[in-house]
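Top to bottom, those sequences are chains A and B. Under the working numbering, think of the first position of the first sequence as 529, with each following residue one higher. Under the working numbering, think of the first position of the second sequence as 11, with each following residue one higher.
Treat the hints loosely; a few may be bogus.
Unchecked claim - The calculated DSSO-like cross-link candidates involving lysine-lysine, where the alpha carbons are at most 27 Å apart (straight line), are: (1) A/Lys672 to A/Lys740; (2) B/Lys83 to B/Lys70; (3) B/Lys17 to B/Lys296; (4) B/Lys72 to A/Lys612; (5) A/Lys697 to A/Lys643; (6) B/Lys70 to A/Lys622.
Source of the hints: derived by calculation from the structure; they are not laboratory data.
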Amino acid sequence: MHIFDILGPVMVGPSSSHTAGAVRIGYAAYKLLQEEPKEAEIYLHGSFAATGTGHGTDRGLIAGLLGMQPDDNRIPDSFQIAEKEGLSFSFAEKEIKAAHPNTALLCLTGKSGRKAEIQAASVGGGRILIQKLDGVELNVSLEKPTLIVHNLDRPGCVAKVAELLSDRKINIASMQLYRMSRNGTAIMALETDQPISEEAIHSLAHTDGILKVTFISMNT
Amino acid sequence: MAFSSLKEIMEYGEKSGLPFWEAVLLDDMEERNVSREASLEQMRYTWNAMLEASSSYEPKRKSASALTGGQGKQMEAYCEMYPPICGPFMGRVITEALKTAESNACMKRIVAAPTAGASGVLPAVLIPYYETCGTSEGTVLEAMYTAAGIGQVIALRASISGAAGGCQAEIGSASAMAAGALVHLRGGSALQISHAAAMALKNLLGLVCDPVAGLVEIPCVKRNVIGAVNAISSADMALAGIESRIPPDQVIDAMRAVGDKMDSTLKETGMGGLAATPAGMEIVQKLQRG
Numbered sequence: 529m530h531i532f533d534i535l536g537p538v539m540v541g542p543s544s545s546h547t548a549g550a551v552r553i554g555y556a557a558y559k560l561l562q563e564e565p566k567e568a569e570i571y572l573h574g575s576f577a578a579t580g581t582g583h584g585t586d587r588g589l590i591a592g593l594l595g596m597q598p599d600d601n602r603i604p605d606s607f608q609i610a611e612k613e614g615l616s617f618s619f620a621e622k623e624i625k626a627a628h629p630n631t632a633l634l635c636l637t638g639k640s641g642r643k644a645e646i647q648a649a650s651v652g653g654g655r656i657l658i659q660k661l662d663g664v665e666l667n668v669s670l671e672k673p674t675l676i677v678h679n680l681d682r683p684g685c686v687a688k689v690a691e692l693l694s695d696r697k698i699n700i701a702s703m704q705l706y707r708m709s710r711n712g713t714a715i716m717a718l719e720t721d722q723p724i725s726e727e728a729i730h731s732l733a734h735t736d737g738i739l740k741v742t743f744i745s746m747n748t
Numbered sequence: 011m012a013f014s015s016l017k018e019i020m021e022y023g024e025k026s027g028l029p030f031w032e033a034v035l036l037d038d039m040e041e042r043n044v045s046r047e048a049s050l051e052q053m054r055y056t057w058n059a060m061l062e063a064s065s066s067y068e069p070k071r072k073s074a075s076a077l078t079g080g081q082g083k084q085m086e087a088y089c090e091m092y093p094p095i096c097g098p099f100m101g102r103v104i105t106e107a108l109k110t111a112e113s114n115a116c117m118k119r120i121v122a123a124p125t126a127g128a129s130g131v132l133p134a135v136l137i138p139y140y141e142t143c144g145t146s147e148g149t150v151l152e153a154m155y156t157a158a159g160i161g162q163v164i165a166l167r168a169s170i171s172g173a174a175g176g177c178q179a180e181i182g183s184a185s186a187m188a189a190g191a192l193v194h195l196r197g198g199s200a201l202q203i204s205h206a207a208a209m210a211l212k213n214l215l216g217l218v219c220d221p222v223a224g225l226v227e228i229p230c231v232k233r234n235v236i237g238a239v240n241a242i243s244s245a246d247m248a249l250a251g252i253e254s255r256i257p258p259d260q261v262i263d264a265m266r267a268v269g270d271k272m273d274s275t276l277k278e279t280g281m282g283g284l285a286a287t288p289a290g291m292e293i294v295q296k297l298q299r300g
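With the rest of the complex left out, here is chain B:
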């Protein structure tokens, strides 16, 4: 039985003395009837697929529409040339988010986390942290269980689909997952993990899904960047002891309510928002002309 609230995961941890991530691991073992080793092995495979997606990035590759590609490289070159305003770590985060999201748009292999459109958010925080902060693979896997547990609760209580809940359900959920993962990497508590997730989700509440021409390119690729950056600021706030005034599970419920009220033109139909701008419509016409 999967957890139906973040509170339930925390209470389980308090009773059993187990950290957040381990509660999620034990639940997976029960849910899929697998051993601890088998579950960890699957998580390691998932992590390696994220690393491979980043290392196999091809800056020259373009998407089907030829509108996407090369910006990860562009950002990387900028960071090497000038110190970015947001600092070198954040520069790498932005670069990674662009690389994975562009690779996805270019039909390369990625890990949907929780969706393909939001696949850049989690690796964008995990990979630079792993490579620059001296964290072990084992701790990264724990952070991924943390992220998965948060995503599972969101999927159950609200949605992780842009068509059902708008972009807040995709990039918002990914950002909440990444924020929780970062708190774990820094040794934060289960309470801090859930408040980091809540703050990340709150900050992206109401975000609409308005892909130009219906393709997972504009504005999806760059929204992966805001998802990752927002995760970092939310994690840092939580680690500082700042809490979401609205309890985390209620934030998730609010995300669902907002998604339900959102007009269908703003839920992955390619009919509203940026998709409906003159420039967006021009792209549609260009693609139809072939």
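With the rest of the complex left out, here is chain A:
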């Protein structure tokens, strides 16, 4: 942990895990959807379900979906802001098998009809882990700028992504591979040392075998 994890984050209270972490989960989900959400079905598990309302977990998740960061003073009013911005949402409790106690599952539909399903946990101090994306299990913290690639599970996709990044002098700090089933959809999660340009993302998205490309930087 660096010193601004100790003195920080600057955040709207009352709880770094139940409030700040919830905002970050909502924000990550919004980025993964790649557009403003129109509808959000949200399921809360464990401690999020039990004490979420008193901690503003629900308002935090909606604030994040609206693009707010954990230090945004508008978080307590996020429900009213959502109404104004045309985001309809619902909350329900759900027992999710083997999930971390602070887990939320978000089923989103965007303004142009895009869909995304994100399961994420708030693991302490405002840090989060994305644990399931569109049905594929993964383990991504988003602490560094992260490239998430949906691809067909077949030979060569990883090599193509690595080559494209290498051509642009982008160094890969870490790389994880996940798939739902053999020959189905797979997901790559790459942390990079350099930012990735729009051009590179566009080229990647139009590469054979690549289904979807998302680049997430949590601080912008």
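Assemble the complex: chain A is given as a structure, and chain B must be docked to it using the hints.
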């Protein structure tokens, strides 16, 4: 590479001739690959957020449960009306601790230090000291590096999470951080800084995390007060040359061992301690009825 013990920070200082806080600053520059100016700028932003949390306090605002709010103002009014038993400076410390901790419970912006639940401790000692003792902003920032360095070692060797280590890990850690910061503000040595932190932590060892209804309100808000007051007495002892008989890093290790042994009902589950009292359970039922 972050420091793994307070001893390591002191030894680094002895070798390089740098004060405690600067060892922490240099480590941050390396760790996050940032310039000295960028690190200081981030610390200034953090300090300003603490000041803003205090100045934007709203005495009429209530928390989600409506159980928290207004006591910072109440304490302030009392201190203006009567000289508090503990003296005017301590009166302000208590007031500041309540204000920030209440603001946190009321979904206002605060600085987690090291957690949101313990966010009132550090500003409660820094703000009154800054405003009444003629300390410069620069020195306060140095004190904050001192505090952060202590917190980092505690996080690494033990824990700063109530769910993992009980309240001793949150208010105890914050108190140790604040004690070290105060010693720096008074020009104390690295050795005195670590003994102040050790004594503050020792005095809160075993403190359980037992929030009523699982909310960061009862008893969290008032525990911020004891964290701040305990920091001041520990800092004064250290400045007097009093040392912890148990070496500081061993105190931190003991805090971890105590946290590991603590029953899970006493670690932020809202099932034991004050949360399990008849009055605590009544609050839970009232909240469920809405």
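Right, here's what the structure says about each hint:
A C-alpha spacing of about 20 Å is found between A/Lys672 and A/Lys740, which places the hinted pair at or below 27 Å, so the restraint holds. As the CA atoms of B/Lys83 and B/Lys70 are separated by approximately 9 Å, the hinted pair is consistent with the 27 Å bound. Our distance criterion of 27 Å between C-alpha atoms is broken by B/Lys17 and B/Lys296, whose separation comes to about 49 Å. In summary, the hint linking B/Lys72 to A/Lys612 is supported, as the alpha carbons are separated by about 25 Å, within the 27 Å threshold.
For the hint pairing A/Lys697 with A/Lys643, the CA-to-CA distance comes to about 32 Å; that exceeds 27 Å, so the pair is violated. Restraint check for B/Lys70 and A/Lys622: not satisfied, since their Cα atoms lie roughly 36 Å apart, outside the 27 Å limit.
Going through the hint list in order, the structure does not satisfy hints 3, 5, 6.
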